[in-house]
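Enquirer: Residue numbers (my numbering), protein chains in the order written: chain A, 1 to 361; chain B, 1 to 212.
No lab work stands behind these hints, which were simulated from the structure alone.
Be aware that one or more of the hints could be misleading.
[As the list claims (entries may be wrong)] Reference excerpt, derived from the structure (chain B facing chain A, CB under 7 Å, subset only):
1) His63
2) Ala190
3) Leu194
Idealized CB from N, CA, C, for every residue including glycine.
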Amino acid sequence: MSQRTNLQIPSGVQCFYGREARLRREVERVIGDVFAGWSYEEVIVPLFDYFDVFARGGGPSLNDYIYRFIGRNGELLALRPDFTALVAKVVASRMTDRSLPLRLFYSGEVLRYQPPKAGQQKELFQIGLEHFGDGLEADLEVLLVAFEALDRVGANDAVVTLGHAGFVNGILEESGVASETRPGLLEAMRSRDANRVTGILGRQAPVAVMEAMGLFGAAEVLERASAIAKHPTSRAAVARLEALWGELETLGLGDRVQLDLGEVRSFDYYTGMVFEIYGPGVGLELGGGGRYDSLLGKFGLPWPAVGFSLSLDRLAQRVDDRKPDIAKELPVTTVKLKKERSKGLAEALRLRKQGVKVRID
Amino acid sequence: MSDAITLALPTGRIFGETVDLLMRSGFTLPEDVKQARRLHITNGEHQSSVLVKDRDVPTYVEHGVVDAGIVGHDVLAETNPDVYQPLDLGIGRCEMVVARKKQQPKGAYRDLPMVRVATKYPEVTFRHFHGHGIPVEVILLSGSVELAPVLGLADCIVDLVQTGKTLAANGLTVDEVLFPSTARLIVNRASFRLKGRLVSQFVASLAKEVAR
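Only chain B is shown next, with the shape it has when bound in the complex (with noise of 0.2 Å):
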């Protein structure tokens, strides 16, 4: 096993882009990856994959259970792993945001008493309003967030933008940005020490590519 890294892949919205840097970095993988439905892949001599959904990734990782993985920055601030996270990725690259409805008067929802949030994220979401001190009622959802506010289950949103068209077109518009999200990669502790080589070898072929 020492002669091999393991990795997750995220099989969400940024599969394609890990794709094409693992393979411009200089990994084999096969050609219909991003086609096939195969959980478990070869890429190349000194490395394997596991395909995981993004929000998956940092638990496979945290466990050792693989030793690295590639995920977005949105997933690691919702889950907060104890991980290394050498490297910014650059790809994926998008925006946290508070998201209101169109017609409504910027941060006016700061003002109600308690404020409904609808999302995916509720740890940035407290994170976020109650580091100001306005009480929030999280609405967890797990899709088409931006129906909430439309639909009045939710006061405003805090979701991930990429272009922010799913949001104009549901009659939101972006309040507040929280912080931009890439991809970055992440690196179980234990691998970091034990399969130092492989590991920083890795690392550094990324990193050269991130870098052109």
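With the rest of the complex left out, here is chain A (with noise of 0.2 Å):
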């Protein structure tokens, strides 16, 4: 191999050092003690398991952007895409004597086999939470957490969008939408593609389906959802975000959440809450997350679940420009060998002991 192909990088992959490097563990360790703080306990799990363990765990959605390989016995591994997945597996198989709730971070890089656009890497860094418990109460901890993490890392002007899985899924069931056309579907409203959600659906397109889209804003929205929820599913799911936002309005947080009950998020493991984070001056989300309580079924354990997680990429690209003094270098003592060497290092030791930051010259 030449010299030349030895410096090459491959798409999709970064370097931090410096200022960038420094910055990212701040964020990372300032937000995991946030983590630390609502008495999520740390899971470290492994960069790579076996391919059935995601496939499972993500649904279709996800299978495209696995990394797959041949482990030496044959067996079809992958590295990975997601860490939801790997938390669950890591519960079923591990904690089952634990009791509920049981909260849960994890920190790390996820590997994607995607197009690089968009300012999208190949290597994604995380920080996120899953939190093992049901009903609103878990829903609401889970949504203060975030805020509060977004707060510590100056995102306070994030806003965070707030829907429901289960309400267009009943919509599309009260419809009689046939599965087979479901993903395309889900595609097309994904978009807010009218065009193609007629296009899919024909002309006489179920007035609800094309309704759900538009249902984006503040409290008004749950009344007007509230109308054309006709399917148990899609009732609930209203009941539920009426009930989130009345708890969020009386914290005093409802000026940073909007609702929107069209959104439908990009993995299929979602049943319940499910929201996403944007923050001025980044054109892609900062994170999100929801309820998804029949993923651990999979792995044989019937627990509900709710977790998110945040983009640190994202985070650190604005806590750059908006907070200036985080990650700064500590004062440094430059200690002289010159001749008298041990004499030098033996003040280095001194210096370190006491904590100082040293630089030997």
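Two chains, two frames, a set of hints: combine them into the complex.
Expert: Set out below in structure tokens:
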């Protein structure tokens, strides 16, 4: 291999150093501390596992992005494209004796084989949490933790858009949309492309499907949603969102939340509340998550769960603009060795014991 | 910034129609916009635009350096950006087609062991041919695609056709229509949330004009 080839890097990966590296570690530490402060326990999961784990945990929409490889014994392995499936597996295999709620967090890189566009790399850094437990309280807690994490890294102007996977699912059920047309339809709904939705469902596209795409805004959206929600799944979704919205308003967080019942998050495992986080100056979402009550069942443990992840890449990019004082270099004491080497080294050791940053010259 | 929205407008084929639509919808663009070579213009109090190549519109919008953009469906089909597409503007109507040499029978290229296709739309081409199980060699060109079959570089072409005159002038004919294409409004996912009110107003004012 030539020298030149050794220095080339494949597309979609990055190196970080200097301020950029310090900033990322700092953002990761600050958010990790917030998670720990809400009694989330860190879990460190492997970088690769059997392909089946991710295929089962992520559903078809993630499958296309998985890096696969064959192990020495012929087994099909994969680099992690997402943390949720791995954490679910750890819980289902090692933590079945724990009592609910169980709170876990993770941090690290995920790898997705996708064309690098719109600043998306193939190696993405995520930090996030999973809360295994049921009920409105769990959903609320997770949102509060997300808000605090955003605040602590200077993203207090970020907006959380809140929806519910059950709302659209119920409407599709009610409207009798065949399951084979759903993936394409959800894709079109995700783009708010009314044109393509009528293209798929025909001119007689159910009014509720068309209206769902426009259910975006503040509390009044819930009334409109209520009017078109006929299926019990949709009705339950609206009820849950009403309750969440009410609590968030009471806590003074109402102006940081928008409702968006037409949102269809691109992962297939969500069953309840879903949310996305957007901040000024970053064109892509800072993070997102939701409730996924059926995922653990796929690993043999029928526990409900809710969680989210934040993009460390995009948060660090924002922090850099807004908090120039974060991740500053510590003041340094220079120790000159010159002729008296052992004396100088002893001095460096003494300073290090006091916790002073030292540079030997 | 949040009291204004920025647009990316395509300077290519649909530029004239796009400018006309914006003006009819009540936005005041500079009078000489069609002639001047400026790349950045203001259209009224709450809006400004950058003028970019058609292909680059989705890139600007997806990155969020502009809030919204206007671009042909052909470009969206090729680039598949993760953006909202709330409105079909109905302008710039044309068709994405497979075209062959006039003297050849319809669909004859399908029987070739490997079809050589000249195009500016490699993704669209792969999706169509591979979708039908036909092996294809894409010959990527950036213009005058119609020449390729004439010179024997390709067996057929995949291209956007408005009137069919260029095809006819080069001895080609439409073999199959893949999809119709019109200009679309696209919106950045973050802007849709963070500038919700301004974006909805903008969508509504265009929608009103489109519906007329």
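Enquirer: State for each hint whether it applies.
Expert: Going down the list of hints, with the structure as the test:
For His63/B, the interface hint holds, the least distance from its beta-carbon to any beta-carbon of chain A being 5 Å, beneath 7 Å. Proximity of Ala190/B to chain A holds as hinted, the smallest CB-CB distance being about 4 Å (cut-off 7 Å). The interface hint given for Leu194/B holds, since its Cβ lies 6 Å from the closest Cβ of chain A, which is under the 7 Å cut-off.
Comparing the model with each numbered hint stated earlier shows that all of them hold.
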